[in-house]
Amino acid sequence: MSSHHFVKEQQEPALVILDLQDFSWERLSGLLEWVPTVLVAEEAVDQVLSWGIKIDVIISSERFRNENTQLLEEQYPIRFLVSQSGEHLKEALHYLLASDHKAAHLIGFSRQDSKQLDEFLDKMDLTLFDEGRKYYPVQGGSFKKWFPATTVEIFGPNGLPVQIRNSEMDMILPLEFITQIELPEGFTEFSAATLIWIGEEV
Numbered sequence: 030m031s032s033h034h035f036v037k038e039q040q041e042p043a044l045v046i047l048d049l050q051d052f053s054w055e056r057l058s059g060l061l062e063w064v065p066t067v068l069v070a071e072e073a074v075d076q077v078l079s080w081g082i083k084i085d086v087i088i089s090s091e092r093f094r095n096e097n098t099q100l101l102e103e104q105y106p107i108r109f110l111v112s113q114s115g116e117h118l119k120e121a122l123h124y125l126l127a128s129d130h131k132a133a134h135l136i137g138f139s140r141q142d143s144k145q146l147d148e149f150l151d152k153m154d155l156t157l158f159d160e161g162r163k164y165y166p167v168q169g170g171s172f173k174k175w176f177p178a179t180t181v182e183i184f185g186p187n188g189l190p191v192q193i194r195n196s197e198m199d200m201i202l203p204l205e206f207i208t209q210i211e212l213p214e215g216f217t218e219f220s221a222a223t224l225i226w227i228g229e230e231v
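In my numbering, the protein residues as written are 30 to 231.
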């Protein structure tokens with residue numbers, strides 16, 4: 030097998046599924062292409078299993094684990110990660126860090142709660158899928174990327190000045206909580222003094 034076909038363990042972004050409301054099988058299947066490690070919160074387990082997806086880790090309460098021990102056989106190999114605090118996402122990310130994962134895709138987590146991710150952003154690449162968009166963090170500084178003609182959302186601290194430069198504009202915009210910008214096809218550069226999130230249509 031040639032080396033470029035080999036996918037190293039933990040190399041692909043893990044998939045953390047907290048909730049599948051408004052998330053279709055078609056969109057999810059694209060994220061499963063490289064057989065990532067799949068962590069699922071107890072609330073989404075039935076839906077994920079009904080789609081025939083292999084779960085690696087279930088993040089749950091002790092009660093859910095005790096009531097669903099049959100999954101240990103039916104889905105072998107699988108493990109339960111008991112979340113004492115009920116903060117399933119933080120439990121999942123700590124687990125992924127401990128098992129040497131460097132990236133994760135998060136489904137069912139609202140971009141409006143993104144502050145909860147701050148402690149992980151210097152340790153992992155995190156991408157949120159929320160309301161038909163893919164959001165990724167841009168730590169303070171500049172970020173340049175090619176976009177098709179599209180509308181992106183930018184969110185960060187209220188009033189934060191963000192510079193946006195491309196073939197059609199060079200402007201400094203104070204952020205409202207969520208700001209939408211139409212971009213032409215081509216490269217756009219974003220500059221800000223602190224963390225912002227950019228959301229692309231998917």
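Hints in this document: simulated from the structure, not taken from any laboratory. Among the hints, erroneous ones may be present.
[To be verified] Within a straight-line C-alpha distance of at most 25 Å, the following computed DSS-like cross-link-like pairs (lysine-lysine) qualify: (1) Lys119 / Lys83; (2) Lys174 / Lys163; (3) Lys83 / Lys144; (4) Lys152 / Lys174; (5) Lys152 / Lys131; (6) Lys131 / Lys163; (7) Lys144 / Lys173; (8) Lys163 / Lys144; (9) Lys83 / Lys173; (10) Lys119 / Lys144.
Which numbered hints fail: Those not satisfied are hints 3, 9.
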